[in-house]
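Asks: Listed here are the chains, written in short residue letters.
Number of protein chains: 2
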Amino acid sequence: MNLILICIGKTEQKEIDSLINIYKNRLIHYCDFSMIEIPKLKNKKTSIIEQKNKEGELIEKHLKNDDLIVLLDEKGKKYSSKEFSFFLNKILISGSKRIVFVVGGPYGFSKHILLKYKNQISLSEMTFPHQLIRLFFIEQLYRGFTILKNHPYHN
Amino acid sequence: MNLILICIGKTEQKEIDSLINIYKNRLIHYCDFSMIEIPKLKNKKTSIIEQKNKEGELIEKHLKNDDLIVLLDEKGKKYSSKEFSFFLNKILISGSKRIVFVVGGPYGFSKHILLKYKNQISLSEMTFPHQLIRLFFIEQLYRGFTILKNHPYHN
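If you read the protein sequences in the order shown, they are chains A and B.
Note that this note's numbering gives residue 80 to position 61 of the first sequence, counting from 1, and the numbers run on in steps of one.
Note that this note's numbering gives residue 114 to position 95 of the second sequence, counting from 1, and the numbers run on in steps of one.
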């Protein structure tokens, strides 16, 4: 089974990239994890709505019909780490070949995307930079597996 | 007015340290911010309760009677970023010379500390490494000021 994290834009700060790699290397023990960084839009004159729509189209190009898709959105369901591990278990045993988590761009997702993909989770009530969200998420994903497997957490 | 963040242990990963410094440098424009990193306990044989009690004693050595103290604890009140900026405003106009935010050690706070300091906030339902919490918090502090001042957020 493949777990995929789709994000908009390259991880700009090398420090975030390096921290993400620490968790990526730990995740190897639990799943086949990969990240897809969709290049961010270059035309800076587009409106926020247009930007979100275009980002949505680019995201959908990477999705397959039978993917299990989970959006990371501020308005999504909030879980404790333990509850998230149960959610993770539920999707792991769903039979889907690919589980795709998606972090939106700087302004979040388009209406189309939000209406189409109903699995939506939120890491916090608070708004964080979309670049940091990928770090928070990958840490929780790793934590989720350690909870499920009852392994000590490498802090 | 001084805003202080007390944490247990040095920031171990240089990447986290470097990201924290980015936000520290931005905070200069809004407040006098500093961090106190209390050296972590060396005796590895202490129980979790003893460790939390000792960490509590070390934290209290850095506190003054008229400090306004806010604990960052999982069970604390959860705010959206906007609500947190209102909370920030409330404590900024409280008249306290020092506002002290405290992140506990790897196991959180002792009972004594939790019972004594009633201002408790939480950044997420989820559990994050205490080393990452300091990064998340400082980002939210910066974001809180930009919301209060109606400044664009430097993402």
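A portion of the hints provided could be inaccurate.
Because identical chains cannot be distinguished in the list, a pair is counted as satisfied if it fits within a single copy or across any two copies.
Derived SDA-like pairs (lysine to any residue); straight-line CA-CA distance at most 20 Å [what the hints assert, rightly or not]: (1) Lys43 with Thr146; (2) Lys97 with Ile152; (3) Lys168 with Glu31; (4) Lys130 with Ile166; (5) Lys83 with Asn44; (6) Lys96 with Ser141; (7) Lys64 with Phe147; (8) Lys116 with Glu144; (9) Lys29 with Ile57; (10) Lys43 with Lys64; (11) Lys64 with Ser104; (12) Lys101 with Ser141; (13) Lys101 with Gly127; (14) Lys97 with Phe147; (15) Lys64 with His173.
What the hints contain is simulated information worked out from the structure, not anything from laboratory work.
Computed from a predicted model, the values in this text were never measured in an experiment.
Asks: Quick one: which hint numbers does this structure break? Sort them smallest to largest.
Replies: Violated hints: 3, 4, 5, 7, 8, 10 and 11; rest satisfied.
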